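A.B. asks: When you get a sec, could you build the whole thing from the sequences and use the hints?
Number of protein chains: 4
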Amino acid sequence: MVKVGIVGGTGYTGVELLRLLAQHPGVEIVTITSRGDAGTSVCSMFPSLRGRVDLEFEDPLASNLRSCDLVFFATPNGVAMQQAPELLDAGVRVIDLAADFRITDVAEWEKWYGMLHACPEWVASAVYGLPEVNRVAIREARLVANPGCYPTAVQLGFLPLVEAGLVDLDHLIADAKSGVSGAGRKAEVSSLFSEAADNFKAYGVPGHRHLPEIRQGLSRIAGVGVGLTFVPHLMPVIRGIHATLYSRIKEEADYQSLYELRYANEPFVDVLPAMSHPDTRSVRAANTCRIAIHRPQGGDTMVVLSVIDNLVKGAAGQAVQNMNIMFGLGETDGLWQLPVLP
Amino acid sequence: MVKVGIVGGTGYTGVELLRLLAQHPGVEIVTITSRGDAGTSVCSMFPSLRGRVDLEFEDPLASNLRSCDLVFFATPNGVAMQQAPELLDAGVRVIDLAADFRITDVAEWEKWYGMLHACPEWVASAVYGLPEVNRVAIREARLVANPGCYPTAVQLGFLPLVEAGLVDLDHLIADAKSGVSGAGRKAEVSSLFSEAADNFKAYGVPGHRHLPEIRQGLSRIAGVGVGLTFVPHLMPVIRGIHATLYSRIKEEADYQSLYELRYANEPFVDVLPAMSHPDTRSVRAANTCRIAIHRPQGGDTMVVLSVIDNLVKGAAGQAVQNMNIMFGLGETDGLWQLPVLP
Amino acid sequence: MVKVGIVGGTGYTGVELLRLLAQHPGVEIVTITSRGDAGTSVCSMFPSLRGRVDLEFEDPLASNLRSCDLVFFATPNGVAMQQAPELLDAGVRVIDLAADFRITDVAEWEKWYGMLHACPEWVASAVYGLPEVNRVAIREARLVANPGCYPTAVQLGFLPLVEAGLVDLDHLIADAKSGVSGAGRKAEVSSLFSEAADNFKAYGVPGHRHLPEIRQGLSRIAGVGVGLTFVPHLMPVIRGIHATLYSRIKEEADYQSLYELRYANEPFVDVLPAMSHPDTRSVRAANTCRIAIHRPQGGDTMVVLSVIDNLVKGAAGQAVQNMNIMFGLGETDGLWQLPVLP
Amino acid sequence: MVKVGIVGGTGYTGVELLRLLAQHPGVEIVTITSRGDAGTSVCSMFPSLRGRVDLEFEDPLASNLRSCDLVFFATPNGVAMQQAPELLDAGVRVIDLAADFRITDVAEWEKWYGMLHACPEWVASAVYGLPEVNRVAIREARLVANPGCYPTAVQLGFLPLVEAGLVDLDHLIADAKSGVSGAGRKAEVSSLFSEAADNFKAYGVPGHRHLPEIRQGLSRIAGVGVGLTFVPHLMPVIRGIHATLYSRIKEEADYQSLYELRYANEPFVDVLPAMSHPDTRSVRAANTCRIAIHRPQGGDTMVVLSVIDNLVKGAAGQAVQNMNIMFGLGETDGLWQLPVLP
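Protein chains in written order, with numbering that gives the first Met the number 0: chain G, 0 to 341; chain Z, 0 to 341; chain P, 0 to 341; chain D, 0 to 341.
Read the hints as simulated data drawn from the structure, not as lab findings.
This structure is a prediction, so every number in the text was calculated from the model and none was measured.
Any given hint could be a false lead.
Said to hold, decoys possible - Pairs of lysine-lysine residues, derived as DSSO-like cross-links and limited to a Cα-Cα distance of at most 27 Å, are as follows: (1) Lys110(Z) with Lys185(Z); (2) Lys249(P) with Lys249(Z); (3) Lys185(Z) with Lys185(D); (4) Lys185(P) with Lys110(P); (5) Lys185(G) with Lys185(P); (6) Lys249(G) with Lys249(D); (7) Lys110(G) with Lys185(G); (8) Lys185(D) with Lys110(D).
To be verified - Here are some of the chain D residues that sit facing chain Z, going by a computed Cβ distance under 8 Å: (9) Val179; (10) Ala186; (11) Val188; (12) Phe192.
Claimed, not checked - Restraint-style ranges between C-beta atoms, simulated for each label pair: (13) Glu85(P) with Pro272(D): 32 to 40 Å; (14) Thr39(Z) with Pro75(P): 54 to 62 Å; (15) Met44(D) with Glu250(G): 54 to 62 Å.
Even for Gly, the Cβ is constructed at its ideal location relative to N, Cα and C.
C.D. replies: In structure tokens:
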């Protein structure tokens, strides 16, 4: 049994990690920490876990995180870079679900996240945890930077096109829509029901933190810097990301086959038949990314549709997938729940 | 492995049965039938099952339902009473998720359901499939009448009070709220998103088909006819029932303990600590009923709050629970998924 | 033109007052204040008012509230009792949309609201602003306590029964459901979209602040103290209250006619035909209360259904109605917008 | 008073027309017809209109449509082309809210709508009712083809760019999201609450009927054929369209000023300040289109955000605006209601 700890378990990625790990056959949850809620039972905050998770939130300082094989950081940006190094130095492996180790260019990271990086030395050795791209490196990683939710949906959607170099890489467009849980369990006016329900809007069009992450990922895949317009939207859905991706075709190819072949052995990427339209609920509560490819009117614009559950393949589920790879477990262990529909 | 068939798999209880059975370790799904969609692959209708359910809908007449150990009817009212008898006669056990066998008084059934009963002789031998009341009889049952969604939430909520005879049984009140999936996957104006979203209403106040079912169940438990006012409401939630139950106290007692003791060994009924308020999402996609007991202002009116997922404990999950009991499987086999929250 | 000011205009009742007053033919909005947002233009916070409301939030201290004929307090509980007296002393009339002047028994108020009352002397002279009960007194009132949202729906629903003394007044039950905007525009976890959407729950069953207000109102109408069980619920709707009211009949009567006669001349109470079920959207964004009366199965339990928009008849609309009465305007002036459906 | 009739008043555009016309100072509603619901009172179907609309649905054949000054067709595609000609011949002016007269190229129309056109001769003389483009022609029109909802949002969003010829007209992209009421009040599984709520998907990517309409409109404005990729999505919102528009800049310009100048005198188009993100609720229930212009990262891709209420500026409101223009009324008469927020 892999002994795991969770730092910062009171947010949505925290409770989702608990949901998945509590059902995982190869894991023992040793501790879950929360500075603010130490002493509170997990189930009094999340009654959905009653009878299945018998833990109290512990103060991080008092907890036995160092005795874990693996610690997940489900904390706000800027926490893991402070606290992970001493665990790493003690031989504990770490998966950070926040952004601290995602951007290799530390100056770029500092610009977008508005703070100085506390441990630039660890950034270089962190592995970007997108298994469909980095599976081999994840296996040996001591520190995994779990991808953001938008970056997961967008990169998996563009991946085969960009790898094959079949489209204009200077003008990629990602029109992405996220459910409100992507904003976390923070008390903010913009995430209130009465603000977000029965409403839809774009946000962050001038610049969103996931832009440099996606650009970095696609550029690595392409082997050359890509140009990307990224427009995120907030939709009145609890869980789910729908990315609609546009690119200009440079070369003819059998795009449907390209995608099917690329993802043939990926357990968590499902390429739909031609002419399909995946809906976000078809992956609700599951670790699957579903993708459909279109070429409307036979023109030169490709349209790729990519959906994930932002809390699963976009966060906690992908973290468990990374854990499975890191510890030699079956990659789908604990991640085989079917989507909940309707 | 129990070999099961599903008649009528294109509705919400059908797809929910598939979700649960596809993850059940002791079951083989032999066939799923649909008159209208014979030849269609299940996954083209429900992409959430892609890669996990590899079946086509079959015409009921052409299917091998008779070779099953158990057949679930997830059909509209009035179908099972036509088709189940020949399967029963062939030795196949049957669980009907519709209402055909729920009401013992056939004349009463015919009044509320507006049709003649096709096999009154089977009504008497059917077992009402509420395990918390009828577990022993279910074990041997050839035909189980799976309870309605409202009746499950209301009966489990009132059960300890009514068994103990501590309240005025002539004036029970059940104010119940249901998610829209309770109306099924039928194309009806009143179930449209633009009608039901951002809206709330009562319906069927003069009389709802679940009234006689609840009254029958509670009267059996009480050993005397009970009086019940039942007001159902439609709420803009996909899954979930919230029953708020009112009764007049006749005798002092430790009500919290009464409930805790009654349900101490029930795997799917969770009595919350005093002063709690269960929310419907705390049981979303799970087979659990959560209950809280209140006595506001110390007065003589008891308030019981009871929540279930109408598609799970209120339909498909309870059917699987009944199957587990009937076939000597572990009662919680295949039903151990945690609720999905948020 | 009546010159009005609004104190505390950044919440939902504030913006709703602006929506209604900006379309009112007999009103000039002189000032709107907000301590925290002084200097901000109203439209930058509420773009729905662009081109129609050309005001900035002003600091309350710097504003010319004293030059108004009427000041609305759309502030949290406890503010109006501090700031209204000096305006009242200066001859400005006041409508408080919060709870400061609703409960005549100051000790009772202090118990439920958890603070000392700052001006008990004004409590006695305040008029409870439910026009259907207090129209004459409102006309001359210097200080109107605008009723709470639940109290409006529940009192209007019970009023004819209680006035006529036809039901058991010791055991009234109000099962009430509110949209999330009733909790205001405060950043609180429990009001987040991801908490409240696709979910339903009761809250405050042991005791809610609107209980004493409703009990006081119904007791005055009855001329005797009433017993009430009040269970509020949170539903995933932006605007709307649905009250389902239960009472035991003591005497036979033509209840439908009783209601129709009582409300025959009320412009904002609509008694539906027998057997109706009002939905909350049928009053969305309008100042109407719709009511239906049922006697299920011909038994001795009356069921009354009462719906309002909590921000209109339950707050800002009723305040404008009170203003109209106070200043001799047409009672329906500025309140004649049709509900928005769907 | 303009005497108007409505053909087909039982859908969402029909009831929205009634809401607007019932509050319009210069209009008398003479008749509303419905083949299927003749004899039913309008208010029994739409209780939101109780006390304000005192009409019964009439059989179209028995009605006095010919005595009207203007008849609105709020019917499915294919009805107006059958029934409008005889009214037009009788001197009645007509606004068709469906698609029958929107596409000038009859063969193209027949391809996309899958039926033969019943009166191609009227297509040529119909005026496309987008006032911001065709105001002068609308004034004299006998037959107005009211634009589709997506086409309104997309054309108003692209209009200044396309008029000025500043972007690559061969590769426009419109990523558009619609609320579910856009699908009408038809009983269809895909529009059910349990299908559309908490869900998001693209649809019609290979080709949607609004594509040729938008392409025709933009091509006329450009004076040259444009190339457009149009991807519609269904979002869990009742009312609202959000169009996110992408185009490649060919020439530098002050885009913000371009938009502000173009729409300076338009009463129903609101250009937001730079860096804004309009949300759909900011136009809920109002006839306004709000637009924001972005140029992310200073690159060569323009992003325009355009929102409308699909039932108002995208249907019934625009029809009333067209009526106002046709009959010399004030263009904003009856359309001055403020958006409902929250």
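A.B. asks: Work down the list of hints and note, for each, if the structure agrees.
C.D. replies: Against the structure, the hints:
1. Our distance criterion of 27 Å between C-alpha atoms is met by Lys110(Z) and Lys185(Z), whose separation comes to about 23 Å.
2. A threshold of 27 Å between alpha carbons decides the hint, and for Lys249(P) with Lys249(Z) the separation of about 20 Å falls inside it, so the pair holds.
3. Distance check on the hinted pair: Lys185(Z) and Lys185(D) sit about 12 Å apart at the alpha-carbon level, within 27 Å; holds.
4. Distance check on the hinted pair: Lys185(P) and Lys110(P) sit about 23 Å apart at the alpha-carbon level, within 27 Å; holds.
5. Proposed proximity of Lys185(G) and Lys185(P) is supported: the alpha carbons are some 12 Å apart, at most 27 Å.
6. At roughly 20 Å between alpha-carbon atoms, Lys249(G) and Lys249(D) fall within 27 Å of each other, so this suggested pair holds.
7. The suggested pairing of Lys110(G) with Lys185(G) holds, with an alpha-carbon distance near 23 Å, which does not exceed 27 Å.
8. Pair hint Lys185(D) plus Lys110(D) holds up; C-alpha atoms about 23 Å apart against a cutoff of 27 Å.
9. Hint status for Val179(D): holds, given a least beta-carbon distance of 4 Å to chain Z, under 8 Å.
10. Checking Ala186(D) against chain Z: minimum C-beta separation of about 4 Å stays under 8 Å; hint holds.
11. With its C-beta approaching chain Z no nearer than about 5 Å, Val188(D) sits inside the 8 Å limit, and its interface hint holds.
12. Taken as an interface hint, Phe192(D) checks out: its beta carbon lies about 4 Å from the nearest beta carbon of chain Z, inside 8 Å.
13. Look at Glu85(P) against Pro272(D): about 38 Å separates their beta carbons, and that is inside 32 to 40 Å.
14. Distance hint check: the CB atoms of Thr39(Z) and Pro75(P) are about 57 Å apart, consistent with the given range 54 to 62 Å.
15. Distance hint check: the CB atoms of Met44(D) and Glu250(G) are about 56 Å apart, consistent with the given range 54 to 62 Å.
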